[in-house]
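Using the working numbering, you'd call the opening residue of the sequence shown number 1063 and step up by one each time.
Don't read these hints as lab results, they were simulated from the structure.
Backbone N, C-alpha and C define an ideal beta-carbon position, used for all residues, glycine too.
Incorrect hints may have been included.
Computed cross-link-like contacts, BS3-like style, restricted to lysine-lysine with a CA-CA straight-line distance of at most 30 Å [said to hold, decoys possible]: (1) Lys1133 / Lys1159; (2) Lys1159 / Lys1216; (3) Lys1084 / Lys1195.
Label-pair ranges, simulated between beta-carbon atoms [what the hints assert, rightly or not]: (4) Tyr1110 / Glu1226: 46 to 56 Å; (5) Glu1144 / Ile1086: 24 to 34 Å; (6) Tyr1094 / Glu1226: 25 to 35 Å; (7) Lys1133 / Arg1166: 46 to 56 Å; (8) Phe1172 / Glu1078: 24 to 34 Å; (9) Tyr1150 / Arg1230: 20 to 30 Å; (10) Ser1148 / Arg1230: 31 to 41 Å; (11) Glu1183 / Tyr1079: 40 to 50 Å; (12) Tyr1150 / Glu1078: 42 to 52 Å; (13) Thr1175 / Asn1197: 19 to 29 Å; (14) Leu1127 / Tyr1201: 27 to 37 Å; (15) Phe1082 / Met1208: 23 to 33 Å.
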Amino acid sequence: FLQNIPSVSWERFALEYIEFLKAISYPGRSYYGTANYECALCGAMFWYGDRSKSDSTEHRVTYNLCCRAGKVFLPSFRAVLEFFASLYHFDGDSQCKNFLNRIRQYNSLFAFTSMGANTDEGTNDGDGPYVFKINGLVYHRIGSLMLAEDESPKFAQLYIYDMEHEIRNRISAIVSEDSDDTSVGGMPWRQS
């Protein structure tokens, strides 16, 4: 089916039209201020423009993007373990600084799979959070549960190894041999 769809050549479009499409597709940065309106039922924070148009009046502003006007209930988050709370509050400690600098990498270390896609990295040409645009299909890279002899473990294979070996494998994925990073090694699950 997809083989019969003709591909589009950008050379067929006028340069002005291409620039016009880019201008409307990639608008400039916007700032909407602080989300300082709270859902009365669940406490989620919103901007005024996110209110439910059908239920809102000047005297009663309601939101339904969070709890569907009280129909959905989510339990509160459990308290953060003290070990992690100390890493999130940077106080000049080298361990905290290292953790915050590599927080995205640490999050990726504990993934069972990895996302794959053709991405357009051109949207990151300024300040702000990292974003990417996906072109085409999104897929997951899932490794075999059995490790080949000449490969290092990845994805779900990391959960099969013993805990100490697993931690060393994960740390070695992002830390050089001469680094003193102990953030992952000190995490609470080691005591269990």
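Each hint tested on the structure:
1. Lys1133 / Lys1159: 41 Å, violated
2. Lys1159 / Lys1216: 26 Å, holds
3. Lys1084 / Lys1195: Between Lys1084 and Lys1195 the Cα gap is close to 13 Å, so the pair holds against 30 Å.
4. Tyr1110 / Glu1226: 46 to 56 Å: 52 Å, holds
5. Glu1144 / Ile1086: 24 to 34 Å: 49 Å Cβ-Cβ, so the 24 to 34 Å window is violated.
6. Tyr1094 / Glu1226: 25 to 35 Å: 48 Å, violated
7. Lys1133 / Arg1166: 46 to 56 Å: Violated: the Cβ-Cβ distance is about 34 Å, outside 46 to 56 Å.
8. Phe1172 / Glu1078: 24 to 34 Å: 48 Å Cβ-Cβ, so the 24 to 34 Å window is violated.
9. Tyr1150 / Arg1230: 20 to 30 Å: 24 Å, holds
10. Ser1148 / Arg1230: 31 to 41 Å: Once the Cβ atoms are compared, 23 Å apart, the range 31 to 41 Å for Arg1230 and Ser1148 is violated.
11. Glu1183 / Tyr1079: 40 to 50 Å: 24 Å, violated
12. Tyr1150 / Glu1078: 42 to 52 Å: 49 Å Cβ-Cβ, so the 42 to 52 Å window holds.
13. Thr1175 / Asn1197: 19 to 29 Å: 20 Å, holds
14. Leu1127 / Tyr1201: 27 to 37 Å: Given a distance of about 29 Å, which is inside 27 to 37 Å, the answer is holds.
15. Phe1082 / Met1208: 23 to 33 Å: 53 Å, violated
In summary, the structure is inconsistent with hints 1, 5, 6, 7, 8, 10, 11 and 15 from the numbered list given earlier, while agreeing with the others.
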